[in-house]
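Chemist: Let's have the full structure, built from the sequences with the hints guiding it.
2 protein chains.
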Amino acid sequence: MSARSIRIGLLGCGVVGSGFVELLAHERSRIASRFGVTLNLGQILVRDGEKTRPHVARSTFTTNALDVLDGDCDVIVELVGGVDCAGAYVRRALRNGRNVVTANKALLATTGRELFDDADRRGVALGFEASVCGGIPIVQALTRGLAGDSVTSIRGILNGTSNYIVSRMEDGMTFDDALRLAQERGFAEAEPSLDVDGVDAEQKLRILASLAFDEPIVSAAVRGIRGVTGADIEEARADGCVIRHVATATRVPAGVALRIEPRRLSADDPLARVRDEHNAIVVNARATGELLFFGKGAGSMPTAAAVLSDVISIARSSQYARMTG
Amino acid sequence: MSARSIRIGLLGCGVVGSGFVELLAHERSRIASRFGVTLNLGQILVRDGEKTRPHVARSTFTTNALDVLDGDCDVIVELVGGVDCAGAYVRRALRNGRNVVTANKALLATTGRELFDDADRRGVALGFEASVCGGIPIVQALTRGLAGDSVTSIRGILNGTSNYIVSRMEDGMTFDDALRLAQERGFAEAEPSLDVDGVDAEQKLRILASLAFDEPIVSAAVRGIRGVTGADIEEARADGCVIRHVATATRVPAGVALRIEPRRLSADDPLARVRDEHNAIVVNARATGELLFFGKGAGSMPTAAAVLSDVISIARSSQYARMTG
Chain A
4 MSARSIRIGL LGCGVVGSGF VELLAHERSR IASRFGVTLN LGQILVRDGE
54 KTRPHVARST FTTNALDVLD GDCDVIVELV GGVDCAGAYV RRALRNGRNV
104 VTANKALLAT TGRELFDDAD RRGVALGFEA SVCGGIPIVQ ALTRGLAGDS
154 VTSIRGILNG TSNYIVSRME DGMTFDDALR LAQERGFAEA EPSLDVDGVD
204 AEQKLRILAS LAFDEPIVSA AVRGIRGVTG ADIEEARADG CVIRHVATAT
254 RVPAGVALRI EPRRLSADDP LARVRDEHNA IVVNARATGE LLFFGKGAGS
304 MPTAAAVLSD VISIARSSQY ARMTG
Chain B
4 MSARSIRIGL LGCGVVGSGF VELLAHERSR IASRFGVTLN LGQILVRDGE
54 KTRPHVARST FTTNALDVLD GDCDVIVELV GGVDCAGAYV RRALRNGRNV
104 VTANKALLAT TGRELFDDAD RRGVALGFEA SVCGGIPIVQ ALTRGLAGDS
154 VTSIRGILNG TSNYIVSRME DGMTFDDALR LAQERGFAEA EPSLDVDGVD
204 AEQKLRILAS LAFDEPIVSA AVRGIRGVTG ADIEEARADG CVIRHVATAT
254 RVPAGVALRI EPRRLSADDP LARVRDEHNA IVVNARATGE LLFFGKGAGS
304 MPTAAAVLSD VISIARSSQY ARMTG
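Taken in order, these protein sequences are the chains called A and B. Remember, my numbering sits 3 above the position in the first sequence when you count from 1. Remember, my numbering sits 3 above the position in the second sequence when you count from 1.
Please keep in mind that the hints were generated in silico from the structure rather than gathered at the bench. Hints may contain errors.
To be verified - Sample of chain B residues facing chain A (criterion: CB under 8 Å; computed from the structure):
#1 28
#2 38
#3 109
#4 140
#5 144
#6 149
#7 150
#8 217
#9 219
#10 220
#11 295
#12 296
#13 299
#14 307
#15 311
Unchecked claim - Part of the chain B face toward chain A, derived, beta carbon under 7 Å:
#16 138
#17 290
#18 304
#19 315
Nothing here was measured: the structure is a model prediction, and the numbers come from that model. Every residue gets a Cβ at the ideal spot worked out from N, C-alpha and C, and that includes glycine.
Modeler: Structure representation (structure tokens):
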């Protein structure tokens, strides 16, 4: 197998971006020998071009996104986050005929349809495995692994921060103390409302539901874990139950209904056993029955691994070979 | 999206084959509208061409494999099982330049290397998701989802029959009674040694290890559940443990070591909670951490769904479009 060389442009070198750079340095030779693809980093968009970073030469840094977007990279990896700049970057990359890999859940939840249409029109790939549940390969499970089956429901713990807080409350902490600990440990943002008010879980569930169901989403009831008290948890425990922040997507007559809320689960429910910052998704499908996926839903390295796996898929795809070959 | 038409030749219409025919009939229109691919059944190799079967016209049946292999099908689905005939069929199909999807674990475990080389040489696909753990999309998780990461270990319950028997013994049955019940319920063959002596689990683990690791398999210690007694299970229970038939693949200095054996697990081990005919696989990878996959590892419909998903992947791949377009 002769090695094909792929040039990666990287937008953003923060928590996930620097994890990606480190992972690529570690895995590059394995990937070359196993998949016949040599992955090289081209330009890297950073905020501070003077800062030194391990594994990369400072000469590859730029503070001008156009150096990355309009350069000669084969795949653009978008890890700046947010919706406005990131959206403009991804649109420009796709319209430049570049394959894109993103971990940006908010971007997909808001303008995903438009971006996928752009990618289709240009015949390029838009990889987004990392955008939902980090290291758990749930996107490909729904789009490929279950392509031949009809999904009937999805049920999951999709927000690791909320689950970490509930787990600490089970250990006796108050909500406020548990939130503070989650912030200290880097699981929760200084402004935690996206996590604890259920917005993050809703965005993830919307993406998963759009992959799993052909029907439109017709309703979404969203409640976060703010308001769950130690007394609620104790009461549940007395009944042999636990409280978890559960996101469900189910078929209803008009389409698909989403529900995201703290819920009592009996102790033998597979989701009841998910603790700390972990994620889990239970998928029910007509022929396959129940499948459970469990793992780390966030974090620099699991997310970086999902991004890198998407880059490899694109590099290996014959679509790409056809474009460049 | 204009629908592309794909013709499927089916080898074998037994338990999984008839499940595949039924599933295809149910999912065909959804697949066409979602993926732009119309899947049509061509010739079907059967043992008894006179028997009527639902969803298919008797005129598509043949008792001559060459009618399927040398016909005009785009994808050949091999569900006859066994090694000798199935191997000859798959080789001929690949050398005819046909894509092949198989659920045949024994065939891959014995001559997989040769078959993948044949497929590579002809530039066709060999799909085998269904060959390991039925409906759990573990093959694609290892080959695509974790492509960017280094797997450090695999640990799983890979034989549903053994797990069903152990579960019944936990309920108080003897090994012999539990085996008889598994046979009555269709989980175990009349000749159960492949299952209860660990051969089936070893074959699956060999396939998974070859996907997950670059290093060669240097040793395999195999013991089945024959010999596990009710007293062993009671003793484990007294210590807060359970007994499970566990297959592990781990890195050792010279390569990868396989171990398949009944093992005591503490009650909070995720594999301890796997009961009845279910399968589960725990994958540890350097960046991603621990991932757990759980579901039905066998059965007509879960296996058929994995086969059909592979067919769809092939039909959607641009490799295929390039060949025919």
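Chemist: If a hint holds in the structure, say so; if it doesn't, say that too.
Modeler: Hint check:
Against a cut-off of 8 Å between C-beta atoms, the interface hint on residue 28 of chain B is violated, since the closest Cβ of chain A lies about 12 Å away. Taking 8 Å as the C-beta contact cut-off toward chain A, the hint placing residue 38 of chain B at the interface holds, the least distance being around 7 Å. This hint is violated: residue 109 of chain B has a C-beta 22 Å from the nearest C-beta of chain A, more than the 8 Å allowed. About 3 Å separates the beta-carbon of residue 140 of chain B from the nearest beta-carbon of chain A, less than 8 Å, and the hint is met.
The beta carbon of residue 144 of chain B comes within 5 Å of a beta carbon in chain A, closer than 8 Å, and the hint placing it at the interface holds. Satisfaction of the interface hint for residue 149 of chain B is found here, the shortest Cβ-Cβ separation to chain A being roughly 6 Å, below the 8 Å cut-off. Look at residue 150 of chain B: its Cβ gets to within about 4 Å of chain A, closer than 8 Å, so that hint holds up. Hint on residue 217 of chain B holds. Least Cβ distance to chain A is approximately 6 Å, under the 8 Å limit.
Restraint check, residue 219 of chain B versus chain A: the minimum CB separation of about 14 Å is more than 8 Å; hint violated. Using the Cβ-Cβ criterion of 8 Å, the hint placing residue 220 of chain B at the interface with chain A is not satisfied: the shortest such distance is roughly 16 Å. Checking residue 295 of chain B against chain A: minimum C-beta separation of about 4 Å stays under 8 Å; hint holds. Of the supplied interface hints, the one on residue 296 of chain B holds, with its beta-carbon coming within about 6 Å of a beta-carbon of chain A, less than 8 Å.
A hinted interface residue such as residue 299 of chain B counts as satisfied when its beta carbon comes closer than 8 Å to some beta carbon of chain A; here the least separation is about 5 Å, so the hint holds. A cut of 8 Å between beta carbons decides the hint on residue 307 of chain B: the least distance to chain A is about 6 Å, and the hint holds. Taken as an interface hint, residue 311 of chain B checks out: its beta carbon lies about 3 Å from the nearest beta carbon of chain A, inside 8 Å. Interface hint at residue 138 of chain B: satisfied, since its Cβ lies 4 Å from the closest Cβ of chain A, which is below the 7 Å cut-off.
Among the interface hints, the one on residue 290 of chain B holds; its C-beta lies about 4 Å from the nearest C-beta in chain A, closer than the 7 Å criterion. Because the smallest distance between the Cβ of residue 304 of chain B and any Cβ of chain A comes to about 4 Å, under 7 Å, the interface hint for this residue holds. The closest approach between the C-beta of residue 315 of chain B and any C-beta of chain A is roughly 4 Å, which is under the 7 Å cut-off, so the hint is satisfied.
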